[in-house]
Structure formats: C-alpha cells, structure tokens
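2 protein chains.
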Amino acid sequence: MMGGDYAPLEAIKGVQSYLSGIAAPVQLLLIGDKELLEKLCIEHHVPAEQCSIVHSEQVIGMHEHPTKALKEKQKSSIAIGFQLLASGKIDAFISAGNTGAMLVGALFSIKALEGVIRPAISSIIPKTDGGSGLLLDVGLNSDCKPEQLNQFAIMGSVYANLVLGITNPKVGLINVGEEEGKGNLLAQSTYPLLKENKRINFIGNIEGRDVLLNKADVLICDGFTGNIILKLAESLYEISQEKKIENAYFERFNFENYGGTPVLGVAKPVIIGHGISGAKAFGNMIELARVMIEKDVMKKMKEVLS
Amino acid sequence: MMGGDYAPLEAIKGVQSYLSGIAAPVQLLLIGDKELLEKLCIEHHVPAEQCSIVHSEQVIGMHEHPTKALKEKQKSSIAIGFQLLASGKIDAFISAGNTGAMLVGALFSIKALEGVIRPAISSIIPKTDGGSGLLLDVGLNSDCKPEQLNQFAIMGSVYANLVLGITNPKVGLINVGEEEGKGNLLAQSTYPLLKENKRINFIGNIEGRDVLLNKADVLICDGFTGNIILKLAESLYEISQEKKIENAYFERFNFENYGGTPVLGVAKPVIIGHGISGAKAFGNMIELARVMIEKDVMKKMKEVLS
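As given, the protein sequences belong to chains A and B, one line each in that order.
Note that our numbering has the first sequence beginning at 1, numbered continuously upward.
Note that our numbering has the second sequence beginning at 1, numbered continuously upward.
Do not take every clue at face value.
Repeated chains share a single entry, so a pair holds when one copy, or any two copies, can fit it.
Straight line, CA to CA, 27 Å or less: simulated DSS-like cross-link-like pairs of lysine-lysine [what the hints assert, rightly or not]:
| hint | residue 1 | residue 2 |
| --- | --- | --- |
| 1 | 127 | 71 |
| 2 | 182 | 73 |
| 3 | 34 | 127 |
| 4 | 244 | 295 |
| 5 | 182 | 231 |
| 6 | 244 | 75 |
| 7 | 39 | 73 |
| 8 | 244 | 231 |
| 9 | 13 | 127 |
| 10 | 215 | 198 |
| 11 | 127 | 231 |
Since the hints were made in silico from the structure, they are not lab data.
Given the structure is predicted, the values throughout are model-derived calculations rather than measurements.
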C-alpha cells in the first residue's frame, strides 16, 4: 500500500473500487502503515471482511538503490510482501513501489521456475484490430542469449493463452527483416531455436512496422529492445492526449488499462505497477493477480518449460 | 530512374515537379532505359536543358541478391550510378531501387571517409513540438561497437547542423533509463565515450518515451534498435490513416515528406529511397542531394571526424 507516487490513497481507492465491483471471493492483505490504512479503509468504505492489514514500519523510496534498500529495510512493505509470498501466506504480491526493489525481490526472494535461465517482464501491446499482443522481455534482461529468448517464447505463449485467452498464440521474433538470417547476432541465432521449438507456434520475424498490427500474439525480444518499444508505445497515449486526438485506439495505450506487468518465470505471481498508478491501475492489478492464481499460470508454465 | 516500385514514371514526375519549382541551377543525369525516358521526359514536359539521359540496359530487381546483382549487372542503372559517382562525373547519387544493392554500392564503390569504421543510415524523427530529430543507425549495422556509436554521434551532429539547420545539436543515447550505467553492455560502454567526446553536445540517455519529444536532436543507437524504432514510427502514419485520425503531427510520419535516407560516413552523397517512393519523395531526395552538395556535408564530416 506504500508503493507508488500516490500511495497509499490511490491504492486504497483501487482496493475499494475493485471489491465493490467483483463477486469473486478474494482476500486481500494490505501491507503498510497500520494506523494510516485503518483510517483510510474506514473513510473509503473498504469492506473489512475481505481485507486485513499487515503493518510495515518502513518505506522504500522510489529512488533508493534496490538491492541495498531491500536488504536494509526488512520491515518495509515490499520486503514484508516478499516474505509473506515466499512463506506461502499470500498467493500473489502486487506493488507500484520501487521497480528495482520489486525486481530484485522477485528474483531473489521467490525462486525461479525450474530450468528458467532468467525471468522476464512483459507488457500488453494494443493491436490496431482491437486485439492485444504480449511483448517480452520489456526490461529485465538488457543483454540476452538465444536460449533466453526461446524461454520467453514459451512463457509468453502460456501467459497469452491462459490470461489473454488466445488459443495457440502466434509467436513472432522482433527483427529488422522478414526472412530467416536477418538481424543482429542474437536474432540470427534465436530464429532457428524458435523454429525448432515444438511447444510454441512460431510464425517468423516481426518488423517494427508490424508490432502494432495483428501479425503475432507474442512478440519476443531482448529487454533493451522491448523496453524501447514499450516506452515509445506508451508515449503515444500522452501524445494523443496532448494533440487532442480522441481516438479509441490511442486510448488503449494508457497503461492504466492494464495495471501492471507480471514477472514471468518465477514460482509465484509478482505484479509490478507503474509508479504513477492510480486507483484504476491498482484495481486492474488485483484482477490480474486473481486470474493468474485461478488459472494457475505458474504451474502450467513450469509444465511446458520442463 | 529504374528503381522503386513505380519506376520510372514516379521518378520522372518527381524530376519534373522538382525542376519546375526551384531556381537553383541543378543538373540532373537520369540513368535508365534511354528510349523510354526520352519519351516520358517529353510527355511530362521535363526541361531538357537541365537533364541528360544516361542509358542503362539492365535493371536490378527489388528482390535480387544485392552483392550478386551488383556484380553481375554492371549495366544496371544502380551499377552505372555508382560508376559515375566514383569517377566524379556526378556529385550525388539517388535511387529508390534495391536497398541492399544501394548499400553494397555505397560501401564498396565509394570510399568510406577516412577513419570511419562503418557508415550508417539515418532517418528524420518528427518531434511533437514541430521540430525534427535525426535517428541513426537505422539499419546498416545491426551489431555495433561503442566506437561506432561514438562516430554516429559525430556524423549525425554534422548532418543535423548543416542539413537540418540545428545549432549545436543535442546528442542523446537511446537507452532504457536516464542514469549513466543503465542499459545493455553496448549502451553502458558507449555512454562514457559520448560523455568524453568534445566534438558533440552529449546530453545523456534518451528513453523510448522521449524519442518523439524535444529532448535530443540526434538519437544514437545500433542499427537493430534504430530500425525497429523507425519502422514502428513509420507505421503510425498508416495507422492514423486507417483510423481516420486527421492530425498534422501523424501526417509528418509519412516518409514521403523526407524522401530518402542518406548514407553517412561515405565520401559522397548517396541517398536511398523507399521502394514505394512517389513523385514527392523523388523531388525531396533531389533537394536533399542538392543541399548536401551545397553545404559540402561530407567534407565537414571528414574534418570533424579527423
């Protein structure tokens, strides 16, 4: 509850709005300053029977050094969240706090799925035809090996299938040309691995001009390229607002629609929100966590990976 | 004249329209099927005193293998163009033909500027505030070394200054975060080189969300990343057309406004057009070549590089 630029107010509003709109029996543990949260829960009519508060006396600031902060602030809301997740007291952990600390926590507090070289983070890419694609990695691994990209393809396919509801998702490799053999050394070496991978539905290379079109459902790249694409795409929403372009498509680039990004390849759902998350984003993150638990996405991912 | 999907008609129309609108004394050599071009020049009222036709009896197809085609088709319009350029009979060479053949020709028929590790190609990026940025490399070098990116920064700065008219252009490194130390191995190693480079005005890292904003004038990255950014940006024009968004900003992503991309780092101006170039693009490419000759961009680049 203490993470994000508008903490804890927007988080509380998100919890209230989510619980008032859903029939599913979710149980939320709100981690943060107990006194403050109790006061806000009453003020905002948060249903007490579905929420319990876990006190945390420290806060990791948005600009603190992730590893250092997480180590030194064991009583921060982020550290406590990972402790609860690791010990099985909660089934998923969500925060819009210090992104680095969330990543470090996900990598070191929670185990990676067996065989996973490195987890990845993904993002929804709105397609021009109304559908959604999944782009990964969007920043956890700036430099990648071909084997990692091959695993991202599997993890992304399972997620696209179970969470986005896409049957036999088409996997595309982000590249500079359509033909096999194109690209940098990484893309050149990754292509044959994806082509031979029977666990995915590989359709070939995807150029920059096809990223927003309905060519592939799962877009694979290293975290450097993915992060540039994601942030460029996100900027389209702000630009369309600034230019007063009212268009439903560009509206879909508003990250609040999606809430947060799940860390894929770890044993339990960890969802990382933008620092500027508002109530709507928090609500969407809770729903995403619920779906990931319900569909047992991590178990399925483990099965397909092994 | 034989290059591009609508050759030679759109090229002829571009020449006519360009010559009818400009006072500058340019002299054009039109390379292609002489009989056909003579007929078209008369039909389209191309001023004969400013054009002479050089006959070429072969054409390199858009999908032919670049190196093989250029070697075997010595009488193609592209091969002849490079022969004329190398021998000093023309001062600049423009084509919308086989991109690979144009790149191979630029790399091997014309010398690289002294000290240049590898030439690069650049593209104009329309900024939201109405200005223009220069992005490079956009595809010639998929894998780069830090020293190459450092040279791109110099070449891009000279071009932005002389051709785009930007005084002391701000150079940014495309990266996944703002702070020094962020990024993949390439970006991490490039940052200190740019920082120490007294010949450029380095302002730091540029994230994906800032690519379209007025933060930097010259955006530096490897050709893989640059190509993805460029093609994604270009797709915004088509998407805005499809979604019937009439907005002057997205109109600027129409590549026809810019014509073609110059090869930077070679001794003479070579301008490569899109295969789908129309008359407007051809006209803009001729004007770009004229400006590059007038400002002696290559000479200045050589001076700053040495």
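Within, between, both or neither: residue 13, residue 127 at alpha-carbon 27 Å: Classified as neither; 30 Å inside a copy, 36 Å across copies.
27 Å Cα threshold - placement of residue 231 relative to residue 182: both (25 Å within a copy, 15 Å between copies)
Up to 27 Å CA-CA - residue 127 versus residue 34, copy category: Classified as neither: same-chain Cα gap 42 Å, cross-chain 47 Å, threshold 27 Å.
Homo-oligomer pair classification [residue 73, residue 39; C-alpha up to 27 Å]: Close inside one copy (24 Å), not across copies (80 Å); limit 27 Å.
Within, between, both or neither: residue 244, residue 231 at alpha-carbon 27 Å: both (20 Å within a copy, 24 Å between copies)
Alpha-carbon proximity context of residue 182 and residue 73, limit 27 Å: between (47 Å within a copy, 24 Å between copies)
Same-copy or cross-copy closeness of residue 215 to residue 198 [CA-CA at most 27 Å]: within (20 Å within a copy, 45 Å between copies)
Same-copy or cross-copy closeness of residue 127 to residue 231 [CA-CA at most 27 Å]: both (16 Å within a copy, 16 Å between copies)
Intra/inter-copy verdict for residue 244 and residue 295 if alpha-carbon distance must be at most 27 Å: neither (39 Å within a copy, 39 Å between copies)
Same-copy or cross-copy closeness of residue 244 to residue 75 [CA-CA at most 27 Å]: neither (45 Å within a copy, 53 Å between copies)
Homo-oligomer pair classification [residue 71, residue 127; C-alpha up to 27 Å]: Neither. Shortest intra-copy (40 Å) and inter-copy (42 Å) distances fail the 27 Å Cα cut-off.
Comparing the model with each numbered hint stated earlier shows that hints 1, 3, 4, 6, 9 do not hold.
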